[in-house]
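A.B. asks: The residues making up each chain are set out below.
Number of protein chains: 4
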Amino acid sequence: MTHIKKPASASIPHGIVSISDYEKSARDYMRHDIAEYVYSGSGDEQTLYRNRYGFQNYQIYNRVLADFSESNTSVQLFGKTLAHPFILAPVAHQGLVHPDGERATAMAANAMQTPMIISSLSNIPVEEITAQKGNYWFQLYWQGNRVATLSLLKRALEAGVEVIVITLDAAVSGVRNRPQRAGFFLPEALCEANLSDLPPPAPRTLEPDQSPALHGFMQDTPGVEDLLWLREQTNLPLLAKGVTHPADAVRLMNIGFDGIIVSNHGGRTLDGMPAAIDCIAPIRKAVGAEYPILFDSGIRRGTDALTALALGANAVCIGRPQMWGLAVAGAAGVAHCIRIFQEELEIAMALSGCPSITDITSEIFWASN
Amino acid sequence: MTHIKKPASASIPHGIVSISDYEKSARDYMRHDIAEYVYSGSGDEQTLYRNRYGFQNYQIYNRVLADFSESNTSVQLFGKTLAHPFILAPVAHQGLVHPDGERATAMAANAMQTPMIISSLSNIPVEEITAQKGNYWFQLYWQGNRVATLSLLKRALEAGVEVIVITLDAAVSGVRNRPQRAGFFLPEALCEANLSDLPPPAPRTLEPDQSPALHGFMQDTPGVEDLLWLREQTNLPLLAKGVTHPADAVRLMNIGFDGIIVSNHGGRTLDGMPAAIDCIAPIRKAVGAEYPILFDSGIRRGTDALTALALGANAVCIGRPQMWGLAVAGAAGVAHCIRIFQEELEIAMALSGCPSITDITSEIFWASN
Amino acid sequence: MTHIKKPASASIPHGIVSISDYEKSARDYMRHDIAEYVYSGSGDEQTLYRNRYGFQNYQIYNRVLADFSESNTSVQLFGKTLAHPFILAPVAHQGLVHPDGERATAMAANAMQTPMIISSLSNIPVEEITAQKGNYWFQLYWQGNRVATLSLLKRALEAGVEVIVITLDAAVSGVRNRPQRAGFFLPEALCEANLSDLPPPAPRTLEPDQSPALHGFMQDTPGVEDLLWLREQTNLPLLAKGVTHPADAVRLMNIGFDGIIVSNHGGRTLDGMPAAIDCIAPIRKAVGAEYPILFDSGIRRGTDALTALALGANAVCIGRPQMWGLAVAGAAGVAHCIRIFQEELEIAMALSGCPSITDITSEIFWASN
Amino acid sequence: MTHIKKPASASIPHGIVSISDYEKSARDYMRHDIAEYVYSGSGDEQTLYRNRYGFQNYQIYNRVLADFSESNTSVQLFGKTLAHPFILAPVAHQGLVHPDGERATAMAANAMQTPMIISSLSNIPVEEITAQKGNYWFQLYWQGNRVATLSLLKRALEAGVEVIVITLDAAVSGVRNRPQRAGFFLPEALCEANLSDLPPPAPRTLEPDQSPALHGFMQDTPGVEDLLWLREQTNLPLLAKGVTHPADAVRLMNIGFDGIIVSNHGGRTLDGMPAAIDCIAPIRKAVGAEYPILFDSGIRRGTDALTALALGANAVCIGRPQMWGLAVAGAAGVAHCIRIFQEELEIAMALSGCPSITDITSEIFWASN
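Going line by line, the protein sequences match chains U, A, R and S. Going by the numbering used here, the letters in the first sequence line up with residues 1 to 369, in that order. Going by the numbering used here, the letters in the second sequence line up with residues 370 to 738, in that order. Going by the numbering used here, the letters in the third sequence line up with residues 739 to 1107, in that order. Going by the numbering used here, the letters in the fourth sequence line up with residues 1108 to 1476, in that order.
Honestly, the hints are just simulated from the structure, not real lab data. Note that this is a predicted model, so its numbers are computed, not measured. Any given hint might turn out to be false.
Claimed, not checked - To be clear about the criterion: a stretch of chain R counts as covered by chain S if any three or more of its residues have a C-beta under 8 angstroms from a C-beta of chain S, and this derived list gives those stretches:
| id | stretch |
| --- | --- |
| 1 | 987–993 |
| 2 | 1040–1049 |
| 3 | 1088–1096 |
Claimed, not checked - Some but not every residue of chain S turned toward chain R, in silico, with C-beta under 7 angstroms:
| id | residue |
| --- | --- |
| 4 | 1318 |
| 5 | 1327 |
| 6 | 1352 |
Stated by the list, open to error - Example chain S residues on the side facing chain R (calculated, C-beta under 8 angstroms, incomplete):
| id | residue |
| --- | --- |
| 7 | 1181 |
| 8 | 1183 |
| 9 | 1206 |
| 10 | 1259 |
| 11 | 1287 |
| 12 | 1291 |
| 13 | 1321 |
| 14 | 1330 |
| 15 | 1355 |
| 16 | 1357 |
All C-beta atoms, glycine included, are put in the ideal place defined by N, C-alpha and C.
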């Protein structure tokens, strides 16, 4: 494809041994404006920075006397057992970085027995993705009204997805200066494959003194009544993604959501948000010990995942590394990224004295007093 | 004009999508010593730095369940309704960066329905500026005595300004090493158009052991009695600019000022001052919930404005970006800067769950405990 | 040897006056992949960085009225008197950087009257090292089972070592990306001289879904029962190395260990651990005033040693500087490093008002209130 | 002189408007090893860095309503009135950077009516310096015993100095790696002019296992009895320099010292000491409101002096800037440095609302709550 700068390598290139190696290398494979779109955060990228460096506030003890005779990395989630607590976050438009797009990602997810959350904005139709064996979830963007949203939901349900995730934190796009400066555009060859048969949105005309954000996009977001309605449209586990305030988490729990994904959208929406990792503990405190919390934003190391789990997450989602792995080496690259996360988490568990995921608690953190 | 390094562009240059783009680009249009004058802060520029980075101490939640059916960015100020809470701060000598100077800025202010505070030190006479339709305020520098000050005030009143702002924090110029090193000088072509017909100041002779700052400039500043006198010279709203200490704010309120502008003069006076943004909350606490507070110094993003409003400001003033916009693209550049601020604020309100300006309170800030 | 990039200098090169000079210079003498192995920490090297900069959190008063008529740098450790509180930490594979390897290090240790902890993974056999006069300790890695471990221990005891140190924090190797990227390999010429006659380890086969870390390496670590057994195999002082959690320290004390070495393995195991220096005080508090604590990780200055002693260590161990000294100037380089540490500690004691090691307490630290 | 790299300029070079300009420029005039000696701090220069950046922890309000009808920068010290609270700190070997050395500095001090503390280690004899009109103090280094010390003291007294300052914090030289690496040596042409006629020190032989610092230099420092004796040798004001611990300050006050100079020797002795500015307040608290405290280390701006005075210092001493001014422009350079300090302090007083030195209290500091 003409929008691919350099075709993905046929095998993992020499010297790629960590997610940061993928991050550094993947730029070489992407058209400049697409790279800016993939890598950037909003505004001055304060939140993008905090997401990554916020983990450093959590320092971890090594332990030397734990009993590892029974070791296990599996977690229970929504009635299923996952071998590792990693999930592929929904990432839109994977065709931007690889001709096989989500098809390749699904192959990797399947090979690594990792759930994949298919984006509403995938370039490959949801049915074509789920045609491969695997554990697929579906990420739903509200389509401005209930009719169109239900149509999209039903298509995903018919494709056989097992969990529904509605993203709530991107009603308005953040201030995305880096792709703006680079003149980012979606190549014509890529379509939003799941949205093509939806009824066209009702035309909305703004007065000259009205705000595109406030009087435009924000009028197309779901209200509480819409979410109560959505809850009734499926018996599948229903999650809300993009939650950072404890009060929002509690309201969503009360609306009937089966879990939430703590996330700041990888630093791509409101610049100025805290590090995503700092948002887990207050939410865990607010929703109680049993309510499922997933975490997303900035995980690049096994120790990052260990930290998120210790703060109260039940599993973690991996976003941008999918795009980096895909660009560098296609399905093999994504699979390698997942493998790196798994092995690094195993090493982190071994050294921090946690033989199983349930042993990973806030006791692992160093405290001076 | 010979002191303009490169004429302003006829349209907004490609890739200019944020205030920081204007900041970076505007240097190319300015003579070096003028750029040093415009961009620099005093001393070691600690305060200039703090002004900008102080905003990062205020982290903002995104919210996902707010009701935006009624959205509005307007504020009430001194009996008028502003469509957005932005005001053009008084900036002296705008002819330094564009031949049309304040005339072009006024055109942009008018187009964007934004109040403009005309500087005592404008290069275009106040009457010529106010001849254009618009909402004009006047910034008054004390002219050493009541006679000259009153003469200047009357000229502004006759020109039709609607609010008077006296600047109190620049009695003595700060230590301005960068323009000193660059050999900054005001081009002969530029005059202080509003001061030209004032009586010449009384000659003051210093003894060899007397200080130009303490025994010279500081003797020409208004005392409390002078401010009480000034209060009686006009019925227009009267504001004091350059206040950072709560006790000063309370005294000014008691003298009869209608509001204050919290500002550290963009880091151009006393180096060592705190970030201006840190000064709002203590002053709001001291003067009560109803007293008008404007804020000035370091606003470069919509989220900065959101932060200032949440801490207690009723509106925010924009300073240096006027000069950058003017240098790069004249009136269109200034208007574009205002538009960027407006749109970024709207996006920030949408993502932080604030459908109106009064919804922007300290509840938006993240707190870990 | 072909894996040495540049032979060690015949004398201390001009301008080498501190450990940081050795650090900077030694790279020139090492093959790239070996340098990456020696210098690197695990993961993103957060802990490597913290180890070094953590000392800056402890600020030291100078004192001007202390009585130095009786000055002394000696310490009592395990029934012996050391002239200075420095010990050479166990460092594996010293043949990587100098053809004489541990033989040269022992020569330096002997010349400087400094105890040397011989690594299980030395390239020179323990007997050959101890053939030189000196104060030798032996670092024991658990060999997967009691038979092999006992065989190695007995060999060390027969060689005449005086203290046994078992390393507990490296059951699993950390994530070592820098040597991985550099393609680090152990030159064929180097053997693990102390392990060559041990029975080969029992073969362990992992299922495809089992973790090399958790189901492989961690199964070969000693449990509490093994440590109780080990305690009975020798009457020599027995220390545990790699302890950072107070609870682990107390358990090891109760098992019968004669002391512990607080260490995070020089930042080479679990990245995310706190600065090693921050771990001393909580452990000292937990084990009481009398229990021997040694410290290791990041000591590069006499003031670092002063800080560790003030926080509760009885002596400090020096790791990487051995390799740097060895690479640059062989035995003379190592001896010079030890001399630098001794002299810098003496100067630090003089200026901080501590005429003897027991005078070095937390009273030396500055506190603002 | 051959050890001067470039002769001092005949006038202040263009663009030199701050002390930092002198700092940057002076290197060009100095032989490399001499520059390293002048500019460097001890160890890793943590304390040198802290000295400079420690001021940033003290943020200063501007004030806009203070009454400046009575403005004054003078201070009373030891029965004399100084026009400004600046004093030239003792700086050894000024001949290193200018052929006229201390003679030129004295000329500048005299021109600016600033006291000069003559170093024991001046290259120009004390009598030759005091032959110029001025306010001279003498810095005394203990000469190993009372006889030699008294001889040096008497010489200074006979030369007409007005205050005696004994330096207590440099019994042992700090770890000075930068001059060591640069091969710093004192040019033969320079003599320690005040020490040349003293009896040679008694020979001291160290055993091989004795420490040059602890058993050598520290044995030549004055004990408490020596200081009591010294106190009786003169009726002049007697100050102790190099004090940072409150307990030392109290003991020196009780011994009969008339004041202390809080200083960490410009970061040249014990690296790891706190920022000197942080040491004033605890000492002021310990010695009470009336006891004279001078401050030295890191003052480079008028606002730095303002900060030190606000924390409790009665006056501040200027060290390295003397050497920079001297190197760049001889006596005129030193005078210019003093003038910059005076004018910047005046501006800082004007903007912070302090019409006199006694108005400079901790009330000037910003506090958020």
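A.B. asks: Does each hint hold? Answer for all of them.
C.D. replies: Status of the hints after comparison with the structure:
1. Chain S is given as covering the stretch 987–993 of chain R, and this is violated because 0 residues of the stretch bring a CB closer than 8 angstroms to a CB of that chain, at least three being needed.
2. Judged by the Cβ-Cβ criterion of 8 angstroms, the stretch 1040–1049 of chain R is covered by chain S as claimed, because 4 of its residues qualify and three suffice.
3. Closer than 8 angstroms: that is the beta-carbon criterion, and the stretch 1088–1096 of chain R has 4 residues meeting it against chain S, so the requirement of 3 holds.
4. A least Cβ separation of about 4 angstroms between residue 1318/S and chain R falls short of the 7 angstroms threshold, and the interface hint therefore holds.
5. Given the 7 angstroms rule on beta carbons, the hint for residue 1327/S is violated: about 10 angstroms separates it from the nearest Cβ of chain R.
6. Annotation: interface hint on residue 1352/S holds; nearest CB of chain R at approximately 5 angstroms, less than 7 angstroms.
7. Proximity of residue 1181/S to chain R is violated relative to the hint, the smallest CB-CB distance being about 31 angstroms (cut-off 8 angstroms).
8. Given hint, residue 1183/S at the interface with chain R, is violated; its Cβ is 27 angstroms from that chain's nearest Cβ, farther than 8 angstroms.
9. Using the Cβ-Cβ criterion of 8 angstroms, the hint placing residue 1206/S at the interface with chain R is not satisfied: the shortest such distance is roughly 29 angstroms.
10. Interface hint status for residue 1259/S: violated, as the beta-carbon distance to the closest one in chain R is roughly 19 angstroms, over 8 angstroms.
11. Taking 8 angstroms as the C-beta cut-off, the interface hint given for residue 1287/S holds, the closest approach to chain R being about 4 angstroms.
12. Here the hint on residue 1291/S is broken, as its CB sits about 11 angstroms from the closest CB of chain R, past 8 angstroms.
13. Given hint, residue 1321/S at the interface with chain R, holds; its Cβ is 4 angstroms from that chain's nearest Cβ, closer than 8 angstroms.
14. At about 7 angstroms, the closest approach between the beta carbon of residue 1330/S and any beta carbon in chain R falls short of 8 angstroms, and the interface hint on this residue holds.
15. This hint holds: residue 1355/S has a C-beta 5 angstroms from the nearest C-beta of chain R, less than the 8 angstroms allowed.
16. Annotation: interface hint on residue 1357/S violated; nearest CB of chain R at approximately 10 angstroms, more than 8 angstroms.
The structure fails hints 1, 5, 7, 8, 9, 10, 12 and 16 (numbered hints given earlier, in ascending order).
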